[in-house]
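Q: Protein chains in written order, with our numbering: chain A, 200 to 444; chain B, 200 to 444; chain C, 200 to 444.
Warning: the hint list may mix true and false statements.
Since the list can't tell identical chains apart, any single copy or any two copies may satisfy a pair.
The calculated lysine-lysine pairs, modelled on PhoX-like cross-linking and capped at a C-alpha distance of 20 Å, are [unchecked claim]:
#1 LYS286 with LYS402
#2 LYS211 with LYS376
#3 LYS338 with LYS271
#4 LYS277 with LYS376
#5 LYS402 with LYS421
#6 LYS286 with LYS206
#7 LYS271 with LYS211
#8 LYS236 with LYS376
#9 LYS286 with LYS338
#10 LYS402 with LYS277
#11 LYS277 with LYS338
#12 LYS421 with LYS271
#13 LYS402 with LYS236
#14 LYS302 with LYS380
#15 LYS341 with LYS252
#16 LYS338 with LYS211
#17 LYS277 with LYS380
#18 LYS338 with LYS252
#19 LYS334 with LYS277
#20 LYS302 with LYS277
Because the hints were derived from the structure by calculation, they are not lab data.
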Amino acid sequence: MLHAEVKSETLKKLVDIVGTIVDEVKLNIGSDGINLKAVDPAHVAMVHLELTKNAFDSYEAQETELGLNLSKLEQFLKLSSSDEMVKIDHIEDENRLVLEVDKITQKMPLLDTAGMTDPNVPQLDLPIHLVIEGKHLLKGVKASQNISDHIALTAGPDGFDMFSEEDEDLVRLSLSKDDIKELDAPEEVRSLFALDYFSSMIKSVSGDTLIQLELGRDYPVKLEFDFAEGNGHVRFLLAPRIETS
Amino acid sequence: MLHAEVKSETLKKLVDIVGTIVDEVKLNIGSDGINLKAVDPAHVAMVHLELTKNAFDSYEAQETELGLNLSKLEQFLKLSSSDEMVKIDHIEDENRLVLEVDKITQKMPLLDTAGMTDPNVPQLDLPIHLVIEGKHLLKGVKASQNISDHIALTAGPDGFDMFSEEDEDLVRLSLSKDDIKELDAPEEVRSLFALDYFSSMIKSVSGDTLIQLELGRDYPVKLEFDFAEGNGHVRFLLAPRIETS
Amino acid sequence: MLHAEVKSETLKKLVDIVGTIVDEVKLNIGSDGINLKAVDPAHVAMVHLELTKNAFDSYEAQETELGLNLSKLEQFLKLSSSDEMVKIDHIEDENRLVLEVDKITQKMPLLDTAGMTDPNVPQLDLPIHLVIEGKHLLKGVKASQNISDHIALTAGPDGFDMFSEEDEDLVRLSLSKDDIKELDAPEEVRSLFALDYFSSMIKSVSGDTLIQLELGRDYPVKLEFDFAEGNGHVRFLLAPRIETS
Numbered sequence: 200m201l202h203a204e205v206k207s208e209t210l211k212k213l214v215d216i217v218g219t220i221v222d223e224v225k226l227n228i229g230s231d232g233i234n235l236k237a238v239d240p241a242h243v244a245m246v247h248l249e250l251t252k253n254a255f256d257s258y259e260a261q262e263t264e265l266g267l268n269l270s271k272l273e274q275f276l277k278l279s280s281s282d283e284m285v286k287i288d289h290i291e292d293e294n295r296l297v298l299e300v301d302k303i304t305q306k307m308p309l310l311d312t313a314g315m316t317d318p319n320v321p322q323l324d325l326p327i328h329l330v331i332e333g334k335h336l337l338k339g340v341k342a343s344q345n346i347s348d349h350i351a352l353t354a355g356p357d358g359f360d361m362f363s364e365e366d367e368d369l370v371r372l373s374l375s376k377d378d379i380k381e382l383d384a385p386e387e388v389r390s391l392f393a394l395d396y397f398s399s400m401i402k403s404v405s406g407d408t409l410i411q412l413e414l415g416r417d418y419p420v421k422l423e424f425d426f427a428e429g430n431g432h433v434r435f436l437l438a439p440r441i442e443t444s
Numbered sequence: 200m201l202h203a204e205v206k207s208e209t210l211k212k213l214v215d216i217v218g219t220i221v222d223e224v225k226l227n228i229g230s231d232g233i234n235l236k237a238v239d240p241a242h243v244a245m246v247h248l249e250l251t252k253n254a255f256d257s258y259e260a261q262e263t264e265l266g267l268n269l270s271k272l273e274q275f276l277k278l279s280s281s282d283e284m285v286k287i288d289h290i291e292d293e294n295r296l297v298l299e300v301d302k303i304t305q306k307m308p309l310l311d312t313a314g315m316t317d318p319n320v321p322q323l324d325l326p327i328h329l330v331i332e333g334k335h336l337l338k339g340v341k342a343s344q345n346i347s348d349h350i351a352l353t354a355g356p357d358g359f360d361m362f363s364e365e366d367e368d369l370v371r372l373s374l375s376k377d378d379i380k381e382l383d384a385p386e387e388v389r390s391l392f393a394l395d396y397f398s399s400m401i402k403s404v405s406g407d408t409l410i411q412l413e414l415g416r417d418y419p420v421k422l423e424f425d426f427a428e429g430n431g432h433v434r435f436l437l438a439p440r441i442e443t444s
Numbered sequence: 200m201l202h203a204e205v206k207s208e209t210l211k212k213l214v215d216i217v218g219t220i221v222d223e224v225k226l227n228i229g230s231d232g233i234n235l236k237a238v239d240p241a242h243v244a245m246v247h248l249e250l251t252k253n254a255f256d257s258y259e260a261q262e263t264e265l266g267l268n269l270s271k272l273e274q275f276l277k278l279s280s281s282d283e284m285v286k287i288d289h290i291e292d293e294n295r296l297v298l299e300v301d302k303i304t305q306k307m308p309l310l311d312t313a314g315m316t317d318p319n320v321p322q323l324d325l326p327i328h329l330v331i332e333g334k335h336l337l338k339g340v341k342a343s344q345n346i347s348d349h350i351a352l353t354a355g356p357d358g359f360d361m362f363s364e365e366d367e368d369l370v371r372l373s374l375s376k377d378d379i380k381e382l383d384a385p386e387e388v389r390s391l392f393a394l395d396y397f398s399s400m401i402k403s404v405s406g407d408t409l410i411q412l413e414l415g416r417d418y419p420v421k422l423e424f425d426f427a428e429g430n431g432h433v434r435f436l437l438a439p440r441i442e443t444s
């Protein structure tokens, strides 16, 4: 059972974040809020998103699972402005979601969740931890996209670097300790990532979003940030590429 | 003979409205203004447009017919801003139109109107009459486009509905009596229409344009509105689709 | 040797101007500034651009040549806003350019300039000279693009015309003496040009840029304007088409 009201922009953000990884997702509905875990078809990136009931204007729910087509939800949300209120109702016997905004009502069939299991999120003990503003990640990715399909992330006691090279072209965004909000990097580490995945993961963040990064040596990167005024939280995990040069 | 001056935006609106139905059109020029009647190639939609001489800054004309290519006129109008004045002259012996705006003069050959007869506009006695703001129609159409190629219009004593369904998806925009400017609907009627045609007919209206709708049971819809500060008037007629389910 | 700092917008303008003619160009670096000469692959249009050291915030250079890929430079410049400062360094032993803006550093291999000779700019004694604002050229080109692939430029004691025709369509932008900043046209001349080339040459100018035109009878057109607050100057030369009608 789910009966809730939430600002359109909160759902838009959820779709933006999760839609970079998968098209269809299973939402786990609980009495305190919703969460989801999804892995992309190539098993390279994983997302874990939580949205507490405080993100909603009203929220009544019993534990259940909803199989959601994110494109359909995105299309529906385009009918509303960011601060309009969306009403959500789950009609259990029809397995359909009823969405209402302003004068519009849409009934949407839900997907069968039988084959949609939550992926296991691996427990990683990553030695490097830092917090930086979204604008730096966005700019570093844009610079790397000009020349390469890969991006290397490097962190150490002196700062954080995003680096790409291809033939004789190379580009680097360098953040010194002063450009970084928090830096806990006792040793120097570096890992290489597929640029399209990494750029997808950050494309929903705004310039002033604070992003937590956890890194190791040739290890996955963990990237976390809040949304929905702190009532939503998202964790991305991205597997590294093997350095061939 | 035609010798006239008119604001660019008035001609742009005419092209917007008629261009959704046909690419080439015969303008009937009279001493009191111009009018045109056109039907789309599939004979599903019809437009009847009138523009009185008051819509023009200056207007001198004798009865004649002009065969117009709307795309060429649209391209010319893009050279001007909305409130610039366009001079129109018909050079009869060349059968060309001379258009002038600012420092630009364009001579445009006219089409042979011999084979372009005015379609007969059927006289329909439609039982339901209502007036609503353009914004509702625009939103209802946008919602329907997310899921279907068809749209059902329903009106009755309680209000007006735009409804589409496809497989298990369905979407509805519901206007209660209070959302409707005028409602004269003694009985409940419903007709189904091709969504691409219906959306074309309304795509030139702005959110606050008042639109007159006339409806029957499985009957054509008539849609009328003013433009050019009330000096222009347009009537669309759209044939219904047969409900197959 | 080159070691300089310059506003991003100055480099963006240089790329805009030269990129309409060639993708790769040889920059001649001197102690007083840089210059380049380039001809398009079909040898129809030629550009000669000069940028004095005053256009730079700091400038130290010894005579050298740099082979530049303009698309790569354009991509790099998109990482910066117009008034951000770009640092340029030539690493001679690597034959690479190092570009820095904000926190980003890019190293770009330079092209081998061995086969890139400066084209000879022909000395033309063109009888007609005029100065007009960019907005007129932009509008005349836009009007001509609606109907033709060619544009005729005509100048004489009474003014300046841009004219195109195709079948029975024709369009003309006419500037009288009063619309023209300077007019030195003792005789009436006319030359025909390929519209795509002519539009490329002016597409980087703004509406209020003053443009010098020099014309003859069935002769090339010379088009000159300043940029970078007068510290940059560009000359275009475009060969005429033969009138076939």
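Q: If a hint holds in the structure, say so; if it does not, say that too.
A: Do the hints match the structure? See the list:
Within a single copy, LYS286 and LYS402 get their C-alpha atoms no closer than 27 Å, and across copies no closer than 28 Å, so neither meets the 20 Å cut-off. When the C-alpha separation of LYS211 and LYS376 is checked against a cutoff of 20 Å, the pair qualifies neither within a copy, at 34 Å, nor between copies, at 31 Å. For the homomeric pair LYS338 and LYS271, the shortest alpha-carbon distance between copies (17 Å) is at most 20 Å, but the shortest distance inside one copy (31 Å) is not. Taking the shortest alpha-carbon separations for LYS277 and LYS376, neither the intra-copy value of 41 Å nor the inter-copy value of 26 Å comes in at or below 20 Å.
Within a single copy, LYS402 and LYS421 get their C-alpha atoms as close as 15 Å, which meets the 20 Å cut-off; across copies the closest is 46 Å, which misses it. With identical chains, the CA atoms of LYS286 and LYS206 are at most 20 Å apart within one copy only, with a shortest distance of 9 Å there and 46 Å across copies. For the homomeric pair LYS271 and LYS211, the shortest alpha-carbon distance inside one copy (12 Å) is at most 20 Å, but the shortest distance between copies (35 Å) is not. In the homo-oligomer, the alpha carbons of LYS236 and LYS376 never lie at most 20 Å apart, since the shortest distance is 33 Å inside one protomer and 45 Å across protomers.
Proximity of LYS286 and LYS338 under a CA criterion of 20 Å is satisfied inter-copy only: 18 Å between copies versus 37 Å inside one chain copy. Proximity of LYS402 to LYS277 under the C-alpha cut-off of 20 Å is found in both arrangements, the shortest distances being 18 Å within a copy and 17 Å between copies. In this homomeric assembly, LYS277 and LYS338 come within 20 Å of each other (Cα to Cα) only across copies, at 10 Å, whereas the closest approach inside a single copy is 27 Å. Taking CA atoms no more than 20 Å apart as the test, LYS421 paired with LYS271 passes in neither setting, with 29 Å inside one copy and 32 Å between copies.
In this assembly of identical chains, the alpha carbons of LYS402 and LYS236 lie at most 20 Å apart only when taken from the same copy (19 Å versus 41 Å across copies). Proximity of LYS302 to LYS380 under the C-alpha cut-off of 20 Å is restricted to the inter-copy arrangement: shortest distance 16 Å between copies versus 45 Å within a copy. Taking CA atoms no more than 20 Å apart as the test, LYS341 paired with LYS252 passes in neither setting, with 35 Å inside one copy and 31 Å between copies. Only between protomers do LYS338 and LYS211 lie at most 20 Å apart by alpha-carbon distance; the minimum there is 18 Å, versus 23 Å within a single protomer.
In the homo-oligomer, the alpha carbons of LYS277 and LYS380 never lie at most 20 Å apart, since the shortest distance is 35 Å inside one protomer and 26 Å across protomers. Within a single copy, LYS338 and LYS252 get their C-alpha atoms no closer than 34 Å, and across copies no closer than 30 Å, so neither meets the 20 Å cut-off. Proximity of LYS334 to LYS277 under the C-alpha cut-off of 20 Å is restricted to the inter-copy arrangement: shortest distance 15 Å between copies versus 26 Å within a copy. Taking CA atoms no more than 20 Å apart as the test, LYS302 paired with LYS277 passes inside one copy only; the shortest distance there is 14 Å, against 36 Å between copies.
Checked against the numbered hints above, the structure violates hints 1, 2, 4, 8, 12, 15, 17, 18; every other hint is satisfied.
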